[in-house]
Each structure stands twice: as C-alpha cells, then as structure tokens.
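Chemist: Please construct the entire structure, taking both the sequences and the accompanying hints into account.
By the working numbering, the letter at position 107 of the sequence shown is numbered 107, and the numbering carries on one by one without gaps.
Calculated directly from the structure, the hints in this document are not laboratory data.
Quick reminder that beta carbons are idealized off the backbone N, C-alpha and C, glycines included.
Among the hints, a few may not be true.
Claimed, not checked - What follows is a set of in silico ranges between Cβ atoms, one per label pair, in the way DEER data are often shown:
no., residue 1, residue 2, range
1, THR31, PRO98, 43 to 51 Å
2, LEU87, PHE112, 14 to 22 Å
3, HIS111, LYS78, 16 to 24 Å
4, ILE22, ILE116, 54 to 62 Å
5, ASN109, LEU87, 21 to 29 Å
6, GLU71, PHE35, 31 to 39 Å
7, ILE116, ARG95, 20 to 28 Å
8, VAL33, GLY72, 34 to 42 Å
9, THR31, THR83, 40 to 48 Å
10, GLN85, PHE35, 32 to 40 Å
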Amino acid sequence: MHGGGSSSGGKKRARIEIIPLIDVIFFLLATFVLFTLSLTKSNGQSVRQPDSETGIARDPSGTHTVTILPEGAIAWDKDAVTTDQFLQRLVEYHRDEPEGRIFINGDENAHFFAVIYVMDEARKAGFGKVYIETRTKQVGQQQ
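Modeler: This is the structure we're talking about:
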C-alpha cells in the first residue's frame with residue numbers, strides 16, 4: 001500500500017488549451033496588419049505648402065483636392081492623373097456636385113503656371129469656389 005491522495009493512478013498530464021492560443025495568434029496578426037498599414041506612404045507625393053500669415057482653416061468635406069507637384073504634375077485626391085484625366089474628373093465632379101469646392105494644394109516650389117492652369121480649368125468647368133491651401137505661419141516663425 002502506498003500513501004497518498006488520488007485513486008486515478010498515474011501522473012497528471014498537462015493540457016494545452018488551443019482556444020486561448022488562437023486568440024493570441026489573431027491578436028498578433030491584427031496588430032501586425034495595423035502597424036504595417038500605418039507605415040505606408042500616400043503614393044510618395046509629399047508637398048510642402050507655402051506659408052501664409054492670413055490663412056484660415058476650411059472644412060474639407062464636400063471638396064476635392066488638386067495637388068500640384070514640384071515638377072508640375074497634377075494629382076487628384078493624391079492620385080496622379082494626366083491632363084485629360086484631370087479635365088474629365090473636373091467635369092464629372094461638377095456634374096455630380098454643382099456647388100462643390102476645389103482645393104488647390106501646391107508645393108511651394110511648384111510652377112505658378114500650373115496653379116493658374118488648374119484655377120482656369122476649374123472655373124471653366126463651372127466651379128465658383130476654388131481655394132489655395134497654405135500652411136498657417138506661426139507667430140515669430142522665420143523663413
């Protein structure tokens with residue numbers, strides 16, 4: 001006879017619970033996906049807007065942004081477009097939203113003629129509200 005507790009005979013085996021393991025795997029996967037998405041750039045089209053002391057913030061809802069890159073290329077809502085695609089999107093946008101607004105987001109080194117071209121074409125398409133986006137210059141900020 002031997003002393004002791006249970007009558008189950010033999011050693012207890014460790015059990016591996018698979019459900020919590022699956023939860024941990026999915027959590028790590030979701031974390032990895034969200035982290036990876038936060039690292040992506042928006043088509044590599046970064047612009048440095050010119051400074052303005054009198055600029056005011058405008059509500060971007062109901063607008064489309066036309067970006068003029070330093071080399072003179074045009075982007076419609078961060079998608080690089082050709083001149084023909086730009087004109088087509090302008091006409092379609094005005095047809096869908098006649099009271100829509102256009103924001104011109106130009107790099108401080110962009111060619112001025114490209115800004116004038118975009119403004120002219122937006123007005124020809126019928127847009128009465130065309131804005132140029134700038135960064136608000138901070139008080140005491142040097143050039």
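Chemist: All hints, please: hold or fail.
Modeler: Checked hints:
{"no.": "1", "hint": "THR31 x PRO98: 43 to 51 Å", "in the structure": "holds, 45 Å"}
{"no.": "2", "hint": "LEU87 x PHE112: 14 to 22 Å", "in the structure": "holds, 20 Å"}
{"no.": "3", "hint": "HIS111 x LYS78: 16 to 24 Å", "in the structure": "holds, 19 Å"}
{"no.": "4", "hint": "ILE22 x ILE116: 54 to 62 Å", "in the structure": "holds, 59 Å"}
{"no.": "5", "hint": "ASN109 x LEU87: 21 to 29 Å", "in the structure": "holds, 24 Å"}
{"no.": "6", "hint": "GLU71 x PHE35: 31 to 39 Å", "in the structure": "holds, 32 Å"}
{"no.": "7", "hint": "ILE116 x ARG95: 20 to 28 Å", "in the structure": "holds, 24 Å"}
{"no.": "8", "hint": "VAL33 x GLY72: 34 to 42 Å", "in the structure": "holds, 37 Å"}
{"no.": "9", "hint": "THR31 x THR83: 40 to 48 Å", "in the structure": "holds, 43 Å"}
{"no.": "10", "hint": "GLN85 x PHE35: 32 to 40 Å", "in the structure": "holds, 33 Å"}
Figure legend: structure checked against the earlier numbered hints; every hint is met.
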